[in-house]
Amino acid sequence: MKLIKILIIFFIITTKSFALIEVDITRGNLNPLPIAVSPLFADKDSNKNFSEELKIDNVGEQISEVVENNLKRTGLFNPLERKAFLQNPDLAHLKPRFEDWTLIKAQALVTGQVKFDNGKLRVEFRLWDVLAAKEMIALAFTTVPNNWRRVGHIISDKVYERLTGEKGYFDTRIIYVSEEGAKTARVKKLAIMDQDGFNTKYLTLGNELVLTPRFNPTSQMVTYLSYFKNLPRVYLLDIETGTQEVVGDFPGMTFAPRFSPDGKKIIMSFAKDGNSDIYTMDLENRIVEKITNHPSIDTSPSYSPDGKYICFNSDRSGYQQIYVMKSDGSNVKRISFGNGLYGTPVWSPRGDLIAFTKLHKGKFYIGVMRTDGTGERLLTENYYQEAPSWSPNGRVLIFYRETKSNSEGKGFSAKLWSIDLTGYNERQVITETDASDPSWSSLLTN
Amino acid sequence: MTIFSLPFIAKKPLDLPPIISVELIQITDKTNIPFAPKAQKIIEKVKKEEEKLVSEQAPPKKIKKIKPEAIPMPDQEIENIKKVEDKQNPEVDDNKVKQVSEFEKKEIFDPTDIAALIDKSKENLAETDIKSNKITQSQDKSMDLSGLTLSEEDALKAQIFGCWSIPLGLPYNENLLVRIKLKLKPDGTIIDSEILDHARMNKPGQNFYKVLAESALRAVQLCQPLRVPTTGYERWKDLQLNFDAREMLEG
Numbered sequence: 001m002k003l004i005k006i007l008i009i010f011f012i013i014t015t016k017s018f019a020l021i022e023v024d025i026t027r028g029n030l031n032p033l034p035i036a037v038s039p040l041f042a043d044k045d046s047n048k049n050f051s052e053e054l055k056i057d058n059v060g061e062q063i064s065e066v067v068e069n070n071l072k073r074t075g076l077f078n079p080l081e082r083k084a085f086l087q088n089p090d091l092a093h094l095k096p097r098f099e100d101w102t103l104i105k106a107q108a109l110v111t112g113q114v115k116f117d118n119g120k121l122r123v124e125f126r127l128w129d130v131l132a133a134k135e136m137i138a139l140a141f142t143t144v145p146n147n148w149r150r151v152g153h154i155i156s157d158k159v160y161e162r163l164t165g166e167k168g169y170f171d172t173r174i175i176y177v178s179e180e181g182a183k184t185a186r187v188k189k190l191a192i193m194d195q196d197g198f199n200t201k202y203l204t205l206g207n208e209l210v211l212t213p214r215f216n217p218t219s220q221m222v223t224y225l226s227y228f229k230n231l232p233r234v235y236l237l238d239i240e241t242g243t244q245e246v247v248g249d250f251p252g253m254t255f256a257p258r259f260s261p262d263g264k265k266i267i268m269s270f271a272k273d274g275n276s277d278i279y280t281m282d283l284e285n286r287i288v289e290k291i292t293n294h295p296s297i298d299t300s301p302s303y304s305p306d307g308k309y310i311c312f313n314s315d316r317s318g319y320q321q322i323y324v325m326k327s328d329g330s331n332v333k334r335i336s337f338g339n340g341l342y343g344t345p346v347w348s349p350r351g352d353l354i355a356f357t358k359l360h361k362g363k364f365y366i367g368v369m370r371t372d373g374t375g376e377r378l379l380t381e382n383y384y385q386e387a388p389s390w391s392p393n394g395r396v397l398i399f400y401r402e403t404k405s406n407s408e409g410k411g412f413s414a415k416l417w418s419i420d421l422t423g424y425n426e427r428q429v430i431t432e433t434d435a436s437d438p439s440w441s442s443l444l445t446n
Numbered sequence: 001m002t003i004f005s006l007p008f009i010a011k012k013p014l015d016l017p018p019i020i021s022v023e024l025i026q027i028t029d030k031t032n033i034p035f036a037p038k039a040q041k042i043i044e045k046v047k048k049e050e051e052k053l054v055s056e057q058a059p060p061k062k063i064k065k066i067k068p069e070a071i072p073m074p075d076q077e078i079e080n081i082k083k084v085e086d087k088q089n090p091e092v093d094d095n096k097v098k099q100v101s102e103f104e105k106k107e108i109f110d111p112t113d114i115a116a117l118i119d120k121s122k123e124n125l126a127e128t129d130i131k132s133n134k135i136t137q138s139q140d141k142s143m144d145l146s147g148l149t150l151s152e153e154d155a156l157k158a159q160i161f162g163c164w165s166i167p168l169g170l171p172y173n174e175n176l177l178v179r180i181k182l183k184l185k186p187d188g189t190i191i192d193s194e195i196l197d198h199a200r201m202n203k204p205g206q207n208f209y210k211v212l213a214e215s216a217l218r219a220v221q222l223c224q225p226l227r228v229p230t231t232g233y234e235r236w237k238d239l240q241l242n243f244d245a246r247e248m249l250e251g
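Protein sequence lines, in the order shown, are assigned to chains A and B. Here the first sequence is numbered in this note's numbering, starting from 1 and rising by one per residue. Here the second sequence is numbered in this note's numbering, starting from 1 and rising by one per residue.
Just so you know, the hints here were simulated from the structure itself, not pulled from any lab data. Heads up, some of the hints might be wrong.
[Said to hold, decoys possible] Below, a sample of chain A positions facing chain B; criterion: calculated Cβ distance under 7 Å:
{"no.": "1", "residue": "23"}
{"no.": "2", "residue": "24"}
{"no.": "3", "residue": "26"}
{"no.": "4", "residue": "27"}
{"no.": "5", "residue": "31"}
{"no.": "6", "residue": "100"}
{"no.": "7", "residue": "103"}
{"no.": "8", "residue": "104"}
{"no.": "9", "residue": "107"}
{"no.": "10", "residue": "165"}
{"no.": "11", "residue": "166"}
[To be verified] Once the Cα atoms are required to be at most 30 Å apart in a straight line, the calculated DSSO-like pairs of lysine-lysine come out as:
{"no.": "12", "chain 1": "B", "residue 1": "203", "chain 2": "A", "residue 2": "308"}
{"no.": "13", "chain 1": "B", "residue 1": "203", "chain 2": "A", "residue 2": "167"}
{"no.": "14", "chain 1": "B", "residue 1": "181", "chain 2": "A", "residue 2": "134"}
{"no.": "15", "chain 1": "B", "residue 1": "210", "chain 2": "A", "residue 2": "95"}
{"no.": "16", "chain 1": "A", "residue 1": "134", "chain 2": "B", "residue 2": "157"}
{"no.": "17", "chain 1": "B", "residue 1": "203", "chain 2": "A", "residue 2": "134"}
Heads up, the beta-carbon is just placed ideally off N, CA and C, and yes, glycines get one too.
So here's chain A without its partners, still in its complex pose (with noise of 0.2 Å):
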């Protein structure tokens, strides 16, 4: 019996004295992670060939600063300075020196070479963890050497989705409403380009006011509001195709459509009787169904990315607020209780949060709260800004932003800027003119 309780006793101390030490780490920092991009290496035949063909010299360096600078706008990573590199691009992308790397203190790298192969663009990266010495991802494309600047964006998604675990958001166009001209005589373009503001195309000429341009989430497809003779007239059109159809006039319109997450369907409000509530529409049989139905102002509706919920604002409370309510108009319950006005709820495609304009004081504020309400939080304010349209990841918001003019209408502008879910990564997006009403598509290529 002694020699039991003596042998328990031993084990006791002996398993205490083995113990596994553990340490909560709790706290990390968010600095931008430092990456290093080299530059994709060509050979000398596929250089000359590439500058004949698009005019541009050396297409590999090139595509290498669409990455870096994507990512960089980004603010969740540092692209380190070229100049700082030890390897050649030739050599670190077939085994990169990680000694070198790490030296810079890069913790992920970015090696690749291009290659001019029958009349193609055959594109290889790959992403290397610095620190771990591994590869993390390999790639390679092959395209139309014109689409030299979506490769880099879809590198650019590729890197960050393998380092933050969501999908990016680079490979995507924004459509929008080009402004040019005196304020009093605007003249209203619908404009499309790349995310990062280069490619601009014009889609129509200007001899008719545009409004609102909303994309489909599962396909190249937009509508758009314009006006036909002084009626606001809904227009579906195909960016690919270029082919435009008329979808309805809709004489009371007080909130321009968007599209339902599966595309068949589009929402908006229009006043009918003197009242504004909320409809949706079959795009196929075209048939318009009324969700709400209350003596109050209800609009700017807004799907869910799940198709169940619908977010919208209604003065049903007396003050212009933020509601949700499923999607056959029942169970409606309000989310906004902030001071102020809230307007144009947009629900991420994340589904967690929505996005809206609040007017507070004479100032205009962008922000987001989650879908009970709960959560508000003003990402950024301004004498005038709204509009806020989600990235197809839900992590960057676009929206517009406009300047005071003076007595005699000078001075006035209308920019597009976007913001990050932080707040603080606050960016002017480059157009070629005055812009507004921005919409941001779905990623061109999953």
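Since chain A is already given, all that's left is putting chain B on it; use the hints.
Structure of chain B alone, referenced to chain A:
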């Protein structure tokens, strides 16, 4: 005040022989002059009053002597301390040196001695440092059972906080805990690192976990050699780090 004013009260009845010679006398703070009977009475009266006041505030209590054999358990000690704190008039150990008044403090302070004081404080600090750094054999043994000390843990945490770049794209409503087991050399460099929930990395819908786990591994690699204690290698040669990003992403 009584100390300073009483000699003046006692001045009149003082009866001294006529002074003949003059001597330079060092005047101390308190006189040694005997008090006149009247003054003596007044002093005694004041003293009694003071005693009375003291007795009203806190009746003197006998401090219990603790037998050296009976060593109190830590819990008991805490209770004892609490008891003292709870009392309106705590028991005071009169043997301790007390500062009587602000005047005395000023008298003690000598501005010319500042340098000396600073030097002394430095020495004291150095002494305490040496003391705290020294881990005796017996202490070391006890720590085998209790893990890292708070300061050791804080030093390690602070180092890793600086190295861990949290991926911002993580979903904050998911379980964001990554447990990494490390095998360390005595100098804090890493021999081996292992993700304990490795299977989770390849589960569908858990891509973010892989990203999170890799970020934690990068942090550990970036930080090495880790700031580990200089002694007691046996107790921390295997170490588990629990990386949890939820607090950062929610906050």
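Hint check results:
no.	hint	verdict
1	23	holds (5 Å)
2	24	holds (5 Å)
3	26	holds (5 Å)
4	27	holds (5 Å)
5	31	holds (6 Å)
6	100	violated (16 Å)
7	103	violated (13 Å)
8	104	violated (13 Å)
9	107	holds (6 Å)
10	165	holds (4 Å)
11	166	holds (4 Å)
12	B:203 x A:308	holds (27 Å)
13	B:203 x A:167	holds (17 Å)
14	B:181 x A:134	holds (20 Å)
15	B:210 x A:95	holds (24 Å)
16	A:134 x B:157	holds (26 Å)
17	B:203 x A:134	holds (21 Å)
The earlier numbered hints that this structure contradicts are 6, 7, 8.
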